[in-house]
Amino acid sequence: MSQQTPQTTAGSLVVVGLGLAPAGQLTVEAAAWLDRADAVYSLLGDSSPAGWLSARRPSAISLAGLPLDRATTQLQTALAAGQQVCLVTTGHPLLPGAAALALAGQVRQAGHQVWFTPAVSAEDCAYADLGLDPGRRGCQSFTATHWLLYRPHCDPASPLILWQLDQI
76 MSQQTPQTTA GSLVVVGLGL APAGQLTVEA AAWLDRADAV YSLLGDSSPA GWLSARRPSA
136 ISLAGLPLDR ATTQLQTALA AGQQVCLVTT GHPLLPGAAA LALAGQVRQA GHQVWFTPAV
196 SAEDCAYADL GLDPGRRGCQ SFTATHWLLY RPHCDPASPL ILWQLDQI
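With positions in the sequence shown counted from 1, the corresponding number in the working numbering is that position plus 75.
No lab work stands behind these hints: they were computed from the structure.
Hints may contain errors.
What the hints assert, rightly or not - With beta-carbon atoms standing in for the labels, derived distance ranges:
(1) 143 <-> 186: 15 to 21 Å
(2) 176 <-> 240: 36 to 42 Å
(3) 176 <-> 106: 21 to 27 Å
(4) 229 <-> 130: 39 to 45 Å
Note that beta-carbon positions come from the ideal geometry of N, C-alpha and C, so glycine has one too.
Sequences and hints are given; from them, build the entire structure.
Here it is, written out as structure tokens:
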């Protein structure tokens, strides 16, 4: 496991990203946390990865669509019982949006340890699909909403990737 490997102490949370296609993009580390967790929760909704997770961990509980306070209560109940909890997201565990980060913040405030374990991210896939080498000229990456609202300075010599165009 990576340098972020948590001790297997009571009541800790690992937020795991499945990638965009979990059967091929889930890392060995993320799979290990998913398989050995006492309780598995997800933020996947009705997506294809949700079906994959249901087949792998039938007892997984969806928190998708729940208000933050109710989702936090569910996680904290399992953590207070001393369980190793795995929270599953699609793609990178902190994208798209702030739900996993907000939940992790609430869990940390309650005194529990939290770690994040990514899978292959959408950004990794975009580099491969577009043939981009971000080490060559760099790469700029913004959500479309951020780019429209704040008009950040962009380097014309570096590729620009705008995410979540369907959200504006």
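Hints and how they fare:
1. 143 <-> 186: 15 to 21 Å: Hint holds: Cβ distance 18 Å, inside 15 to 21 Å.
2. 176 <-> 240: 36 to 42 Å: Since residue 176 and residue 240 have Cβ atoms about 22 Å apart, the given range 36 to 42 Å is violated.
3. 176 <-> 106: 21 to 27 Å: Taking Cβ atoms as reference, residue 176 and residue 106 lie about 22 Å apart, which means the hint holds.
4. 229 <-> 130: 39 to 45 Å: 43 Å, holds
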